[in-house]
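K.L.:
Just so you know, the sequences run in chain order A and B.
Start counting the first sequence at 267; every next residue gets the next number (the numbering used here).
Start counting the second sequence at -15; every next residue gets the next number (the numbering used here).
Simulated from the structure, these hints should not be mistaken for laboratory data.
These figures come from a predicted structure and were not determined experimentally.
A couple of the hints might just be wrong.
Claimed, not checked - Computed footprint of chain A on chain B; a stretch qualifies when at least three of its residues, placed anywhere within it, have a C-beta under 8 Å from a C-beta of chain A:
#	segment
1	0 to 12
2	28 to 37
3	44 to 51
4	57 to 65
5	92 to 106
6	113 to 119
7	131 to 139
To be verified - Residues from chain A that keep clear of chain B, each with C-beta distances beyond 10 Å, as calculated:
#	residue
8	290
9	366
10	367
11	368
Heads up, the beta-carbon is just placed ideally off N, CA and C, and yes, glycines get one too.
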Amino acid sequence: MNWVEPGLYHYLVIAALLFCLGLLAVLSRRNGIAVLMGIELILNAANINFVAFSYYVTHELGGHVFVVFVILLAAIEAAVALAIVFAIYRHFHSVEVPNVNVMKG
Amino acid sequence: MKFIDVLRTVGFYLFALMTVVPAFIVVLSRNIQRSVFALLFTLFGVAGLFLFLHADFLAATQVLIYVGGVLVLLLFGIMLTQKMVGGDLRSGKIQFIPTLVAMVILFSFLLFLIFQTPWHSKGPADFDQTTTAIGTLLMTQWVLPFEIASILLLAALIGAVSIARTRRTSE
Chain A
267 MNWVEPGLYH
277 YLVIAALLFC
287 LGLLAVLSRR
297 NGIAVLMGIE
307 LILNAANINF
317 VAFSYYVTHE
327 LGGHVFVVFV
337 ILLAAIEAAV
347 ALAIVFAIYR
357 HFHSVEVPNV
367 NVMKG
Chain B
-15 MKFIDVLRTV
-5 GFYLFALMTV
5 VPAFIVVLSR
15 NIQRSVFALL
25 FTLFGVAGLF
35 LFLHADFLAA
45 TQVLIYVGGV
55 LVLLLFGIML
65 TQKMVGGDLR
75 SGKIQFIPTL
85 VAMVILFSFL
95 LFLIFQTPWH
105 SKGPADFDQT
115 TTAIGTLLMT
125 QWVLPFEIAS
135 ILLLAALIGA
145 VSIARTRRTS
155 E
C-alpha cells in the first residue's frame, strides 16, 4: 500500500486530530467564545469523515447531504450560543466560563 | 507517477497542514482574536480538503456559511464582549495538563481504531458534479429532514433574538 498518496486513512487521521483539538478547546479554554470555536472544530472533523467515507467507501452522496445538515446545525448553534454568551456577558460582565457558577437567574 | 499526481499530492499535504497547524493555534493561543483568525485558515483548509474529495458544492457551502457567517458572528461576539482598550484580550486555560493528557490518549486510541478497522475502501469514486445530485436527493429522499431543518432554523432565529434582547421593562 502506498502511504504517501492521499487516501482514506489520511483524511481519517486529520479528522481525528481536529476532533481531539476541538475537544481540548471545549474542555480547557476559559473564554466562552473559544469554547464555541472548539465545537466548530469538532463539527468540521465529523464533516471531513462524512465526505471521506462518501468518496472512498460508499460512493453515494448521502454523506454529502448529511454534511449540508451538519453545516446548517453549526450555523444555528453558533447563533443561539452567541446569544447566550451575550446574555451571560450582560449578567456577569464576563464571558469566562469559570465565573459562571451560579444558576440563579 | 505523473506530474499531475505529484502536484495533487503536494496540494493535499499543503491543505492538510493549512487545516491542522492553525487548529493548534486556535486551541493554544492565549489571544482570542488570534484564535479566530487561525480558525479562518482551518475552515479554508477543510474547504480545500473537500475539493480533494470531489465535493465541490460542500466546499463552496463551507466557505459561504462558515467563513462568511459563523466566523463573522464569532468576531462580532469577541468585539462586543471584550474590553478592547483595557487589553484583556488574553484568556487562559483551566485544567490544561490533565485534559491534554486525556486528549493524547484519546487520539492514540482513535489512531489505533482507524488502522485496525477494515474499511472496505473501494477506491476513489468518480463523482462528476455533485450539486445537481445533492439537490435531487434533498428534494426526494431527504425532503422530510430538509423541512424539519427549516422549522429548526426558524425556531433558532426566534430563540436567539429573544435570548439576546435587552429587557428594559422587567429590570
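K.L.:
Which constraints among the numbered hints does this structure fail? Numbers only, ascending.
P.N.:
8
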